[in-house]
Amino acid sequence: MPIISAEDNYLTVLNLFTTDTPEHQEQLLTEMGKIVDAAAYEGWISSTVHAGQDTPGTANLIQWRSGEDLEKRYDGDEFKHRTLPVFREITTAIRLLQNEIVFSQTHPDPGGRVEVSPGRDDYTAIEVHRVAEADQAELVKLLGEGQQWLVNVPGYRSHSVFKGLRAMFVEGAFAVVYSQWDSKESYEAFRDLPHAAKPKPRQTNDERIAELQIACDANTYRVVHTRAAGE
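So in my numbering, the last spot in the sequence shown is 1265, and the numbers never skip.
Incorrect hints may appear among the rest.
Using 20 Å as the maximum straight-line C-alpha spacing, the simulated EDC-like pairs for lysine to aspartate or glutamate come out as follows [unchecked claim]:
(1) 1106 - 1060
(2) 1175 - 1134
(3) 1197 - 1169
(4) 1114 - 1065
(5) 1197 - 1042
(6) 1234 - 1179
(7) 1114 - 1103
(8) 1197 - 1179
(9) 1068 - 1111
(10) 1197 - 1167
(11) 1175 - 1042
(12) 1234 - 1245
The following label-pair restraints were derived from C-beta to C-beta distances [stated by the list, open to error]:
(13) 1067 - 1110: 18 to 28 Å
(14) 1100 - 1216: 30 to 40 Å
(15) 1100 - 1233: 33 to 43 Å
(16) 1183 - 1108: 32 to 42 Å
(17) 1060 - 1035: 20 to 30 Å
(18) 1231 - 1113: 38 to 48 Å
(19) 1103 - 1238: 38 to 48 Å
(20) 1142 - 1231: 17 to 27 Å
(21) 1172 - 1060: 15 to 25 Å
(22) 1179 - 1114: 32 to 42 Å
(23) 1216 - 1112: 36 to 46 Å
(24) 1119 - 1154: 25 to 35 Å
(25) 1175 - 1042: 15 to 25 Å
(26) 1240 - 1087: 14 to 24 Å
Just so you know, these hints were derived from the structure itself, not from any lab.
Here the structure is a predicted model, which means the values were calculated and not measured.
Cβ coordinates follow ideal geometry from the N, Cα and C atoms, glycine included.
Please construct the entire structure, taking both the sequences and the accompanying hints into account.
Next comes the structure, spelled out in structure tokens:
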């Protein structure tokens, strides 16, 4: 199964698609599954497809050996003339985010590696934080090291922080948080806790994040399919 680890030097791509109906989400999942099952691109490591929960959509977490390998994929006729046109027909928004993993933490072992697999029952949240380029490094630190207290939150399993490098269909600098929880209820209890009820370290951290970020959006997912090179 794919592993998210700051020790790896993979380029991590998050392809985020939003759509308007559950039927279109199923179409997206079908098309993504076809691509993942046929993948044999030079430098491709793994792909993991996620089904949207709160909002119809999909996420594909893809690991590449390098940015050069990814660009060969993007420059190919198949991607330009078949893949993108098919997805544009059944989506309301597309974001192709290229990232560097800079932090990962797991519970109960803070130094553990993050496993991503449909064989697990993780309730996954993906947040995209837009930020001024000058503030990106501080925001990434706040989202990662600044949230080590998460290991004490009921239901928390892991979170990983990615520094945005470049993107298609997104303007400006960004950071991404990929977190795993034991249930929808645990995640929503954490997310919706009133600010006044938050522990002081979280209050301070959240206030500074709010000052730095330009915008933030999130969706929740279940992993439904994964495949790695050689399988």
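Tested hints:
Straight-line distance between C-alpha atoms of residue 1106 and residue 1060 comes to about 28 Å, which puts the hinted pair past the 20 Å bound. Our distance criterion of 20 Å between C-alpha atoms is met by residue 1175 and residue 1134, whose separation comes to about 13 Å. Distance check on the hinted pair: residue 1197 and residue 1169 sit about 12 Å apart at the alpha-carbon level, within 20 Å; holds. For the suggested pair residue 1114 and residue 1065, the alpha carbons sit about 15 Å apart, so the restraint of at most 20 Å is met.
Straight-line distance between C-alpha atoms of residue 1197 and residue 1042 comes to about 14 Å, which keeps the hinted pair within the 20 Å bound. For a cut-off of 20 Å, the pair hint linking residue 1234 to residue 1179 stands: about 16 Å separates their Cα positions. Of the pairs offered as hints, the one joining residue 1114 and residue 1103 holds, with about 16 Å between alpha carbons and a cut-off of 20 Å not exceeded. Restraint check for residue 1197 and residue 1179: satisfied, since their Cα atoms lie roughly 13 Å apart, inside the 20 Å limit.
Distance hint between residue 1068 and residue 1111 is fulfilled; the C-alpha atoms sit about 17 Å from each other, no more than 20 Å. Between residue 1197 and residue 1167 the CA atoms are separated by roughly 11 Å; this keeps the pair inside 20 Å, and the hint holds. For the given pair, residue 1175 sits about 18 Å from residue 1042 by alpha-carbon distance, which is consistent with the 20 Å threshold. Proximity of residue 1234 to residue 1245 is assessed by CA-CA distance (about 17 Å); at most 20 Å being required, the pair is judged to hold.
In this structure the hint that residue 1067 and residue 1110 lie 18 to 28 Å apart at CB holds, the actual value being about 20 Å. The given range of 30 to 40 Å is respected by residue 1100 and residue 1216, whose C-beta atoms sit roughly 35 Å from each other. Taking 33 to 43 Å as the suggested C-beta distance range, the pair residue 1100 and residue 1233 conforms, at roughly 41 Å. Restraint check, residue 1183 to residue 1108: a C-beta distance of roughly 39 Å satisfies the suggested window 32 to 42 Å.
With their beta carbons about 24 Å apart, residue 1060 and residue 1035 fall inside the hinted range of 20 to 30 Å. Evaluation of the 38 to 48 Å hint for residue 1231 and residue 1113 yields a pass: the beta carbon distance comes to about 47 Å. For the pair residue 1103 and residue 1238, the beta carbons lie near 41 Å from each other, so the given range of 38 to 48 Å is met. In this structure, residue 1142 and residue 1231 meet the distance hint of 17 to 27 Å, their C-beta atoms being roughly 24 Å apart.
Checking the proposed 15 to 25 Å range against residue 1172 and residue 1060 shows it is violated: the Cβ atoms sit about 40 Å from each other. In this structure, residue 1179 and residue 1114 meet the distance hint of 32 to 42 Å, their C-beta atoms being roughly 39 Å apart. Evaluation of the 36 to 46 Å hint for residue 1216 and residue 1112 yields a pass: the beta carbon distance comes to about 39 Å. Taken as a hint, the range 25 to 35 Å holds for the pair residue 1119 and residue 1154, whose Cβ atoms sit roughly 33 Å apart.
A beta carbon spacing of about 20 Å between residue 1175 and residue 1042 agrees with the range 15 to 25 Å that was offered as a hint. Between residue 1240 and residue 1087 the CB atoms are about 23 Å apart, so this pair conforms to the stated range of 14 to 24 Å.
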